[in-house]
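Chemist: Construct the complete structure from the given sequences, taking the supplied hints into account.
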Amino acid sequence: MSYSDASSSCAAISGKLVVFNSEEEMYEVGYTYASPYISAASAGWIWIGCTDQAVEGTFECEDGTQVDSALWLTDPQQPTIGSGRNCINYLYNSHGLSTSSCGDSYPTLALCEVDPIPDTTPSPPPQQAKYRNRSGFYSMAKDNNGSPMIDYCLSDHVMKTIYMKDKLHCAAECEKESGCMSFNYRDGKCELNAETKDGASSSSFSQRDGCLYYEPL
1 MSYSDASSSC AAISGKLVVF NSEEEMYEVG YTYASPYISA ASAGWIWIGC TDQAVEGTFE
61 CEDGTQVDSA LWLTDPQQPT IGSGRNCINY LYNSHGLSTS SCGDSYPTLA LCEVDPIPDT
121 TPSPPPQQAK YRNRSGFYSM AKDNNGSPMI DYCLSDHVMK TIYMKDKLHC AAECEKESGC
181 MSFNYRDGKC ELNAETKDGA SSSSFSQRDG CLYYEPL
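Once you know that position 194 of the sequence shown is 194 in UniProt numbering, the rest is easy, because the numbers rise by one and skip nothing.
Wrong hints could be hidden among the right ones.
Each computed DMTMM-like pair below joins lysine to aspartate or glutamate, with the alpha-carbon atoms no more than 20 angstroms apart [claimed, not checked]:
#1 K16 x E62
#2 K16 x D75
#3 K165 x D151
#4 K16 x D156
#5 K189 x D166
#6 K176 x E195
#7 K160 x E215
#8 K176 x E113
#9 K165 x D209
#10 K160 x E177
#11 K189 x E215
#12 K176 x E215
#13 K142 x D115
#14 K197 x E175
#15 K142 x E25
#16 K16 x E28
#17 K165 x E175
#18 K189 x E177
#19 K160 x E173
#20 K142 x E113
#21 K142 x E23
#22 K176 x D166
#23 K189 x D115
#24 K160 x E175
#25 K176 x D115
Pair ranges (Cβ atoms, derived) [claimed, not checked]:
#26 Q77 x Y106: 17 to 23 angstroms
#27 K160 x D5: 36 to 42 angstroms
#28 Y163 x T58: 31 to 37 angstroms
#29 Y27 x G84: 27 to 33 angstroms
#30 S4 x M159: 40 to 46 angstroms
Hints in this document: simulated from the structure, not taken from any laboratory. Beta carbons: idealized from backbone N, C-alpha and C, even for Gly.
Modeler: Put into structure tokens, the structure is as follows:
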């Protein structure tokens with residue numbers, strides 16, 4: 001789809017194309033929300049909400065920021081200015097941004113940002129307030145060396161187990177469930193936890209191939 005098609009797709013659900021404000025956000029959001037839909041057909045290209053259509057060479061984003069120079073691909077030609085390359089793709093497989101013609105219609109995904117739906121449920125008592133997370137974003141927890149905790153999940157604090165088609169829907173269930181502070185996801189199995197890594201002992205984690213553990217950002 002073209003940039004215009006992608007932007008219209010997001011607008012149809014009252015959202016906007018995603019904007020990355022840091023390398024960590026680009027990796028976390030791409031891995032968590034885009035990776036389930038990446039295929040050989042799409043080549044991992046994702047439109048983001050930034051262009052230099054207003055001022056050539058100045059890439060303005062839909063949230064009012066400008067593109068962080070650290071997010072471009074390391075290729076010396078990026079960003080490519082001129083030649084009609086006024087829009088930007090996030091190349092998931094290369095982990096960086098690349099300029100592109102806004103009218104390009106090769107297989108590219110639209111990744112949208114949507115404001116959270118206002119919470120209309122009664123507020124919990126003060127002693128339970130820590131259980132509510134309304135940011136809407138989760139990331140893989142990291143070990144003491146700062147590396148993602150891959151193949152480890154929290155085992156002793158599972159409050160509910162359901163089956164969801166992807167991590168995005170699992171995160172949405174945690175967001176809705178009172179008392180959910182984190183979740184495990186593996187092969188469609190979504191486990192909602194009543195605790196986080198900081199509140200659990202190291203023995204509460206078990207090694208399971210393909211299991212991923214997420215906490216609120």
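Chemist: A separate judgement is required for each hint: does it hold in the structure or not?
Modeler: Consistency of the hints with the structure:
1. K16 x E62: Measuring from Cα to Cα gives roughly 8 angstroms; hence the hint holds.
2. K16 x D75: violated, 28 angstroms
3. K165 x D151: holds, 19 angstroms
4. K16 x D156: violated, 39 angstroms
5. K189 x D166: holds, 9 angstroms
6. K176 x E195: holds, 15 angstroms
7. K160 x E215: holds, 16 angstroms
8. K176 x E113: holds, 18 angstroms
9. K165 x D209: holds, 18 angstroms
10. K160 x E177: holds, 9 angstroms
11. K189 x E215: holds, 16 angstroms
12. K176 x E215: Roughly 14 angstroms separates the two Cα atoms, so the pair holds.
13. K142 x D115: violated, 27 angstroms
14. K197 x E175: Since the Cα atoms of K197 and E175 sit roughly 17 angstroms apart, the hinted pair holds (cutoff 20 angstroms).
15. K142 x E25: Holds, at roughly 14 angstroms.
16. K16 x E28: This hinted pair holds, its Cα atoms lying about 18 angstroms apart.
17. K165 x E175: Judged against 20 angstroms, a Cα distance of about 16 angstroms means the pair holds.
18. K189 x E177: holds, 16 angstroms
19. K160 x E173: holds, 10 angstroms
20. K142 x E113: Roughly 24 angstroms separates the two Cα atoms, so the pair is violated.
21. K142 x E23: OK: K142 and E23 at ~16 angstroms, within 20 angstroms.
22. K176 x D166: Roughly 16 angstroms between the alpha carbons, so the hint for K176 and D166 holds.
23. K189 x D115: violated, 26 angstroms
24. K160 x E175: holds, 13 angstroms
25. K176 x D115: holds, 15 angstroms
26. Q77 x Y106: 17 to 23 angstroms: Distance hint for Q77, Y106 holds at roughly 18 angstroms.
27. K160 x D5: 36 to 42 angstroms: holds, 38 angstroms
28. Y163 x T58: 31 to 37 angstroms: violated, 47 angstroms
29. Y27 x G84: 27 to 33 angstroms: holds, 29 angstroms
30. S4 x M159: 40 to 46 angstroms: With a Cβ separation near 44 angstroms, S4 and M159 satisfy 40 to 46 angstroms, so the hint holds.
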